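Required output: the full structure, derived from the provided sequences and hints.
Mind the numbering: the sequence shown is residues 1 to 744 in the numbering used here, read in order.
Simulated from the structure, these hints should not be mistaken for lab results.
None of these values were measured; they are calculated from a predicted model.
Here a beta-carbon is modelled for each residue, glycine too, at the ideal position from N, C-alpha and C.
Hints are not guaranteed to be accurate.
The calculated DSSO-like cross-link candidates involving lysine-lysine, where the alpha carbons are at most 30 Å apart (straight line), are [as the list claims (entries may be wrong)]: (1) Lys677 / Lys652; (2) Lys677 / Lys707; (3) Lys582 / Lys652.
Just the calculated beta-carbon pair ranges, DEER-fashion [to be verified]: (4) Val185 / Leu546: 46 to 54 Å; (5) Ser420 / Leu353: 52 to 60 Å; (6) Gly388 / Pro198: 55 to 63 Å.
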Amino acid sequence: MCGFAACGEAGIGCPNVDPAPGRGHNKVMGGKGVKRWVQGVGEAALIAVLLVACLKSGLYFTAGLYPVWIGYGSFILFAGVIALALRVFGREKHATAGTARPWPELVLIACPFILMAVYAVHWLLGPLSVQGTMNQLLRWGFYGLFAVSAISSARRQGGRAVLAAAWHAAGAVLCGSALLAVYGVIPLPYAIAYSANPGISATGARLAGLLEYPNTFGMLMAAFLLERLFAMPALFRRESEAGQARLLRAALPLLPYAAALLLSESRGAWLAAGVALAAGLALERRRMLAPLLLAAALLAGAALLYRQLAAALLAVQPVPGLLALAGVWAGSMLAGLGLCRLARSEAAVRRRLAWGAGGLLAGAGAGMVFLTAQERIVRNFGTVSARGAMYRDAWRLFEHAPWFGQGGETWRLSYRAVQSNPYVGSQVHSGYLDMLLNTGIFGTCILLVLLAAAGWLLYRCRRCLLPVFLVFVLHSAADLDWSFGLVWLLMFLLVAWGLSCERAPLSSAEANSAAAGLEPHPELVRQRLWGLSREGMLPASGRVPLQLLWLGIIAGGVMLAIRGEAGYRLHQEAYYASSPAKAISLLRSSLRWNPADAAAALDLARFLQPEEARSVLERSLSYTPGHSGLIFAIADNAIRRGDTAAAARWAKVGFSSDKFNAGEQTRSLEGLFRLAKRKLSSGNAQEARRIVQAGLALYRDYANRAKDHYRASLRNDRDFRLTREAMEWGRQLTRLERTISETR
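Shown next as structure tokens:
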């Protein structure tokens, strides 16, 4: 049923129904047929949503989330109405029974909706950004829908295959598209990030894939790599030919994932992968040693590819490049299989030879990576220092509202006012710190509970997936992974995959194997988990109201997404309007759908007369207090209107809201000077003096910040400096002040 009922058996499991014969039996069987049909479509929709998220830059931009929310939410709403109708019309004649969920699973499902409610409260109380808070509310609602859908699939027969297919399809799309872009097979304009700065890239090019951000792309490649790596021990123990074939299929993606991880050149992803690998090996103990030989050969092949492609700046000819890829891939697989056979030999000499050769391959691979990225590994830690500055500034911002935060996208809106040096960073580069700023200690505790519940479920069900989960948890502490919706979808999918079970009866051999801890059987996992839960279910009288609340949440989310999508589309159409009148009409319509869109308000104000533009800008600022772009626009509008007091006041607010914006501050000084000249020409010397004094005070403040060489040299991504134009306007203001004094 794909998650259309948050609680109760409808949409979560397959209830046991004992229908009476005759007409009632046909009605129930018809209802079951509808349920099964909706479940099948829902599982296909779950995979489709994941693939669409990959294609839409990982759902980093909320504009890409709107249509996905509308489509997926509408389907779940439709499915929920069907479930409610079946319950209401079939309740009097047929009793249903089901199984209760374990508490960690209930917590996992509930936490996204609790965070959604936190953002809803922020929205009602008046956050720093209504638009940002609405975006976060929609995001967490969508994550919750997906989590319920994935976990519902895990509770059904065949659910494990569906979830595994979704995981592997996402990995294949992300990794395959990125490597094909490197080899020039498919055009992806932003799949490769070029930089001549050795602090950003040691080789000059980094692989970013469909996500268009190398660090998060590298983290996901590390997650997919570790999932395949830790899936091999169970397959390695199977001696049959079928088991060996499955082992080969499981090992095939290792080289592409490892190559993509290395080409991302993300030190954080490498470190997180190393820590997670060590933790996984500690959990697996000796059972993991033999498959490492196969992995060592493939990882050495990936390092060789990395060295070759990095030397070519990730731009190679398709045919020779693909032939080289195929050759290295096949050679690595053959070498790995040869080492595995030697390691299984009864002769001790052959086993030692296998381990020695495996160690040499691993060492050679590590050496190639180190020599290629040496500059980035041991030097050039500029990005680390930038993160340190961000974290210090973010902590000071957190102290303003420590318990409940200031709403969605607090850092994006506020960082220009609090940054200690002119770095570029509209994202705080730490998922935990971002949550602290948005929702305070309260929301962050909910997030930690969610992660703890997910980790506990994986630990109890499938420990081989814990290293994968650890990569997500570790890397997001130092990067903006959680700003990508795809990352959350994959995390929930991973946990659901760990929970999935086929509900097959245990054979004696399987029960003994599971009891010995060799390989947890799905049915034993299910029994173990159910032992954590309380017996019984929600009373029937409470299920319908709960389902109605669930449907109301979905319907509200769909409506918000429709409004956001309509506003965004109309705004985009305005850029291509054939005339200013048409653009004005489209922008007004965009703001009617989404009045909190500051970008649309700024664009509309440029077409309007000063008085009308003033009302548009001030209304938009009421939705986003502290938006530096709106503040500078209001200051410029006051200058155009000749409002001396408003011009001086808003220019001062603009300078404090964006301390290191040399361009805007220079333009404000020019506007203040021209306004003072107009006032003086009209005979109003007093107002001219007032605006000149305000302009000179702002100029001195600007000049003093620019002269602080420590701040400018520590990090100056924004090229903050005292411009020649600003110095000229400062001199002109000084001369004008003298002129006014002489005329008195």
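Against the structure, the hints come out as follows:
{"no.": "1", "hint": "Lys677 / Lys652", "verdict": "19 Å, holds"}
{"no.": "2", "hint": "Lys677 / Lys707", "verdict": "28 Å, holds"}
{"no.": "3", "hint": "Lys582 / Lys652", "verdict": "35 Å, violated"}
{"no.": "4", "hint": "Val185 / Leu546: 46 to 54 Å", "verdict": "50 Å, holds"}
{"no.": "5", "hint": "Ser420 / Leu353: 52 to 60 Å", "verdict": "58 Å, holds"}
{"no.": "6", "hint": "Gly388 / Pro198: 55 to 63 Å", "verdict": "19 Å, violated"}
Hint violations for this structure: numbers 3, 6, all remaining hints satisfied.
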